[in-house]
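> Using the hints provided, position chain W relative to the given structure of chain S.
Protein chains: 2
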Amino acid sequence: MKIITISREFGSGGREIGKRLSDTLGFVYYDSEILTQIAQETNLDKNYLDRISEKGLPSYNLHYGRTFGFAYNQTAVNALVAQQKAIKELSQKGDCIFVGRGANIILRDYNPFKIFVYSDLRHKIERCRERSTAENFMSDKELIKQIKQIDNGRSKLHDLMSNTKWTDCDNYNICINTAGIAIKEIAVFLAEYIKRWFETQL
Amino acid sequence: MKIITISREFGSGGREIGKRLSDTLGFVYYDSEILTQIAQETNLDKNYLDRISEKGLPSYNLHYGRTFGFAYNQTAVNALVAQQKAIKELSQKGDCIFVGRGANIILRDYNPFKIFVYSDLRHKIERCRERSTAENFMSDKELIKQIKQIDNGRSKLHDLMSNTKWTDCDNYNICINTAGIAIKEIAVFLAEYIKRWFETQL
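Listed in order, the protein sequences are those of chains S and W. For the working numbering, count along the first sequence from 1 and bump the result up by 1368. For the working numbering, count along the second sequence from 1 and bump the result up by 1368.
Bound-form chain S, shown alone (with noise of 0.2 Å):
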């Protein structure tokens, strides 16, 4: 089975390029859809769902006398475990993509094909703007909250995965800066690229 992860910063254009791998590769396509299959199978709603994975876990302190502690919530961590168990399922359907979700993680031992996107804040702006409409229009301080909070909750969700920061390449094949050049033009090249790297692993 080959397997493509795509962990991405927010405005990057990361679910782009796996539309895209998508279509040329004819690989399955996973993102929301995994969150619909666990909500059907946890009976959690999946706007829940979707906050965990895009903000992290919900934790609360606790402190006894003296000593402070930190808990996280205990459905949540029943619904990230859903989720794994839901990425692996999938996984092993068919060839597929996944986008976000910790999966570069969660399927370490099934050889994907682990692909960063990334950009710098102007170029991640720029894009968010070119997404949005007249009703959710954001000034462009509230856009930079939202992208740092969004990437920082994805961070702080790898980081409780895996003992490793999530922007550094070592947890990645390939990382690519999507500043300054059409994605359509990087989905080309990746799609021949992961090609040829699936063969050579064969």
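I should point out that these hints are in silico values taken from the structure, not numbers from a laboratory. Small disclaimer: the values here were computed from a predicted structure and weren't measured. Any given hint could be a false lead.
Copies of the same chain look alike in the list, so a pair counts if it works inside one copy or between any two.
As the list claims (entries may be wrong) - Computed cross-link-like contacts, EDC-like style, restricted to lysine to aspartate or glutamate with a CA-CA straight-line distance of at most 20 Å:
| no. | residue 1 | residue 2 |
| --- | --- | --- |
| 1 | LYS1453 | ASP1399 |
| 2 | LYS1516 | ASP1538 |
| 3 | LYS1513 | ASP1538 |
| 4 | LYS1552 | GLU1567 |
| 5 | LYS1461 | ASP1391 |
| 6 | LYS1516 | ASP1536 |
Same frame as chain S, now just chain W:
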């Protein structure tokens, strides 16, 4: 002027990628050539300069009573400054590729295409073995020690010149993990991608 910089872990194949890109793209390749020019200008020994580039700056501890401090060797600092000047000068002579020496940081204002080449320890050991001769045979343990020492030196030099982590992908346009795929194949793909990248920067 089109500039490519290659930062690379020891044994990952970064030097070979640089040579191959130089052949394919017709860019001038700079590596130890930089040292020769600096050695001439500063009357410093070439091997000494090489040691600084590979192992970071020699430093010594200071203490006055109970106050501890730390200082860099002035000759080494001067050599690094000379190297930075030489790299900037060479970069303006024509399209070129710099391997190592912190060129990605030194030349950041010239919008270079910045590559980071890395690999896992197993593949780095294999690669070092392929290049070694009977005379300089090392045990696995010695080889691992050498790889870690050199990478640690390069990482420290990066820290000294920049506020970011050497292996953090934010410092580069692309990061390529060479484990499990031939350098030759990577170079072909990279050359195409870089050509396209420079076109889109115009």
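> Please go over all the hints and tell whether each is borne out by the structure.
Okay, the hints, checked on the actual structure:
1. LYS1453 <-> ASP1399: within (15 Å within a copy, 48 Å between copies)
2. LYS1516 <-> ASP1538: between (22 Å within a copy, 15 Å between copies)
3. LYS1513 <-> ASP1538: For LYS1513 and ASP1538, only the inter-copy Cα distance (19 Å) is at most 20 Å; the intra-copy one is 28 Å.
4. LYS1552 <-> GLU1567: Between copies, since 15 Å is at most 20 Å while 23 Å is not.
5. LYS1461 <-> ASP1391: within (18 Å within a copy, 43 Å between copies)
6. LYS1516 <-> ASP1536: Both: 17 Å inside a copy, 17 Å across copies.
Of the hints listed earlier, there is not a single one the structure fails to meet.
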